[in-house]
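Following the hints, position chain B against chain A.
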Amino acid sequence: MTASLLFLLLTGAAVGAAAGYLGSFMILKRMSLVGDALSHVALPGMAIAIMWHTSPIIGALAALTLAVIGIWHLQNHSSVYPDALVGIFFTASLSIGILITPQPDLLEALFGDLATISVPESLLAVFFSLVLIAVTYIISRRLLLTTISEDLATTSGIPVSKINLIYYLLVGAVVALGVKFVGTLLTGALVIIPAAAAKNLSRSLTAYSLLSIFFGLASAVIGVLIARSTGVAPGPIVVLTSVTFFLVTLVLKSLSR
Amino acid sequence: MPILTVTDLTVELNHQIILDHLNFSLEPGQTLAVIGPNGAGKTVLFKALLGLIPYSGQVTWGQDIKIGYVPQRFSVETDLPLTVAEFFSFKSATPDQITHSLNHVGFASPADILRLRLGTLSGGQLQRVLIAWSLAGIPNVLLFDEPTTGVDISAEESIYNLLHRLQTDHHLTMLLISHDLQVVYRYADHVLCLNKEGLCFGPPKTALTPKTLSELFGESASIYHHQHQV
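Chains A and B supply the protein sequences, listed in that same order. Letter 217 of the first sequence, counting from 1, is numbered 216 in numbering that gives the first Met the number 0, and no numbers are missing. Letter 51 of the second sequence, counting from 1, is numbered 50 in numbering that gives the first Met the number 0, and no numbers are missing.
Think of the hints as simulated: they come from the structure by calculation, not from any bench. Cβ atoms here follow ideal geometry from the backbone N, Cα and C, with glycine treated the same way. One or more of the hints may lead you astray.
Derived lysine-lysine pairs resembling DSS-like cross-links, with alpha carbons at most 30 Å apart [claimed, not checked]:
hint, chain 1, residue 1, chain 2, residue 2
1, B, K90, A, K161
2, B, K65, A, K161
3, B, K65, A, K28
4, A, K28, A, K161
5, B, K210, A, K28
6, A, K28, A, K252
7, B, K90, B, K65
Label-pair ranges, simulated between beta-carbon atoms [as the list claims (entries may be wrong)]:
hint, chain 1, residue 1, chain 2, residue 2, range
8, A, G86, B, P209, 52 to 60 Å
9, A, S160, B, H163, 36 to 44 Å
10, A, S160, B, H99, 31 to 39 Å
Bound-form chain B, shown alone:
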C-alpha cells in the first residue's frame, strides 16, 4: 500500500497554473527526488503535499504518518530572543532524542549549540539545526527542500551520510528537492522531473534520459549529465 498517492494534483497561484494534473505514488521506505529548473514548482509541490497551500486533486497520505519538513528558506532575525534549546522545546522530544538528532547532523557537542541564540547561528549551522529539529520528533516521512543549501562541504558530507543512514537504519520515506544530480542517482529510488507537469517519473537510471534532461533544463542539461558520468 502506497504511503503517498497523488492524483491529478493541480495548483494555481495568482491565476497561474504552477502544477498541472500531477500523478505519482510512493511506497513506504522509498526516496523520491524532485528535480526541475527554477520556478518549476518544486517547493509549491511540497507545500501542496503538506497542505500549506490550496490545491485541487487528491493528496492521500498513509495512516499514522508523522511528517518532518525542512523548508528551503528559513531565517530568523539576528536579535530574536530564543535559544536553540528553547527552539527544540517546541517539539515534544526527550533530551536524549534532541542530543541524538544534533549528533546526527554533525554537531559533536550538542550542549554547546543548544546554549546559543538561534539568530546568531551561521546559515549552515541553522540549516543543520533545522534538520535536527525536524528529526527530533521521530517522523516517518521527511520532506527536504534543498537539504544542503548554504552548508559547507564537510557538513554536506555529513548530511548526505545522514540521508543514507535514515534510509538504511530508520526506513524513512523521504522526498527531497535537489539540484544535485549526483544525490539523485545515489540516494533516490524514484525521480520526478517537474516542469509544470511531470515530465518523467521512475527510477533515476531509466527515467533520466538525455532527452528528458534537455527538455527539463535546456542547454545546460549536458553539463548536468556529464557530471554524473564522471
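Looking at chain A on its own, in the form it has when it is part of the complex:
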C-alpha cells in the first residue's frame, strides 16, 4: 500500500522542517557546501543495501553516519579544515554509487520517488523528523555558542567536540530521511537553501530558526503537490521551490536596506 497524498504531504512537511532547522546551523558554521554535497555519500550505501535486499534508507543512514564521523574526525584532528578533501571524497562516493546501483533503482535513488513510499515508512519518517527537531532544539544554544567561539564555549563548560558530533549525526539522519523524497543528488539542497533564505530575513535566532523550519516545510509541501500533479520527480521541484523562496527573500533583504 502506498501512502495517500495527505500522508505524503505530512511526511514532506516533517522532513522539510527538520532539514531546514538542522541546515540553519550548517550555514552559520560556514559549511554550506559540505552540507550540500553530503547527500551524495548516501548513494553507495543505498546501492549496497539494495544488493543485500534491505531497506535503502538503512544503507543511506549507515553511509551518511560514516561520512559525518569522518568530517567530525577531520575537524578535530586537523588545524586547516580540508574542504577540498571532503569535496573529492563526496564526488567519488557519488560516482561509485552510480556505477554499483542496479539500473532500475538508479533514477529513484538519484531523484527520489513518491510513488514508492508506504504508510509505515511515512509514519516512521514523521516520527524521526520530530525527534530530530526536538534533539536539535535541546542542543541549539550550546551548538550556537560552539559555532561563534569554541574558546568561549569550552570555558563555559560546553563539551564542544561532543556537541559537534551529535549535530553532525543529526544532519546525517535528516539527509537519510530526505533521500526518499528528494533523491541523493539534491537532498543536501533541502538542508541548505531554506536556511539561507531564512538568514536573509532574520535578525534574531528565534526568527531564524522558525523561518528555516517554515521554508523547509513549505518547499517540501509545495514541491510534493506539484510533483504529484505533474508526475515529474519530486527532487528538482522541491529544490526549485526553495530556490524561489531564497530569491524572494534576497530581494526583500536588498529592499529593506
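Below, chain B without anything else, positioned relative to chain A:
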C-alpha cells in the same frame, strides 16, 4: 592556599616551543598582569591555563572556581541572526545579573543594547558586551586578554574603573594581559614578564627593573618606562 599553581608549563605548537618550563602561583583575590612583546606567548599562556590547547607540566586551579574569559579577538559575522539578549541567554544568569553586568561596563540603558543584533555592534561595544557576558555568570576568576582593545577612551576609563571595583568589591582573582604598563603598575599585585620563559615574576615595583624591561622589549623599553614615570 594558592588559587592557581603553574608548574613547569611547556607549550609546543607546530614543533616550536612557545612556553618553556614556566612556574608561578597566584593567591585568591590577587591580580596578575602578563606582559611581553608580540609573539611572546601571552595568549597561548591563557589558552593553556583554560585547557584550550595541549601542554605539558601542571596547571592546578583551586576548588570550586568559576572562570570568566574575555578573549582578545572576538568577532562575529555582521549578519549573524543573534540578538545581544539571545547571546546572554547562553549563560545561566538572571535578568538582574545581566542588567547589572551591562551597567558595570558602562551601558547606561541595558535594555537598548539587549535589543540590538550582536553583529551590528561596534568593536568597542562588542568588547564591552563580551566583558559583561563573562561577568554575568558571576565568576570568581577572570582572564582578560587585552581588556581595552578597540575601546575608546571613556569606555577604557570605565573598564579600568570596573577592574578596580572587581578587585575591591568582589575580590575577584584576575589575570590580565596588557600592553599598558600604567595598568600594570596601578592594578596588578604581580607581574609576569613573558618571553618564552618567564623573565620576571613578582610585584611590579620590584620585578620591573629597567634591565628586565629592556630584555623584554628591547630598545622601546625606555619609552614604556618613561611613560610610567610621568
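A quick look at each hint next to the structure:
1. A threshold of 30 Å between alpha carbons decides the hint, and for B:K90 with A:K161 the separation of about 19 Å falls inside it, so the pair holds.
2. The hinted pair formed by B:K65 and A:K161 meets the criterion: a straight-line CA distance of about 22 Å does not exceed 30 Å.
3. Simply put, B:K65 and A:K28 have alpha-carbon atoms about 28 Å apart, close enough for the 30 Å limit, and the pair holds.
4. This hinted pair checks out: A:K28 and A:K161 have alpha carbons roughly 16 Å apart, not beyond 30 Å.
5. Simply put, B:K210 and A:K28 have alpha-carbon atoms about 48 Å apart, too far for the 30 Å limit, and the pair is violated.
6. About 21 Å separates the Cα atoms of A:K28 and A:K252, which keeps this hinted pair within 30 Å; it holds.
7. Proposed proximity of B:K90 and B:K65 is supported: the alpha carbons are some 13 Å apart, at most 30 Å.
8. Taken as a hint, the range 52 to 60 Å holds for the pair A:G86 and B:P209, whose Cβ atoms sit roughly 57 Å apart.
9. Look at A:S160 against B:H163: about 38 Å separates their beta carbons, and that is inside 36 to 44 Å.
10. A hinted range of 31 to 39 Å for the beta carbons of A:S160 and B:H99 is consistent with their spacing of about 33 Å.
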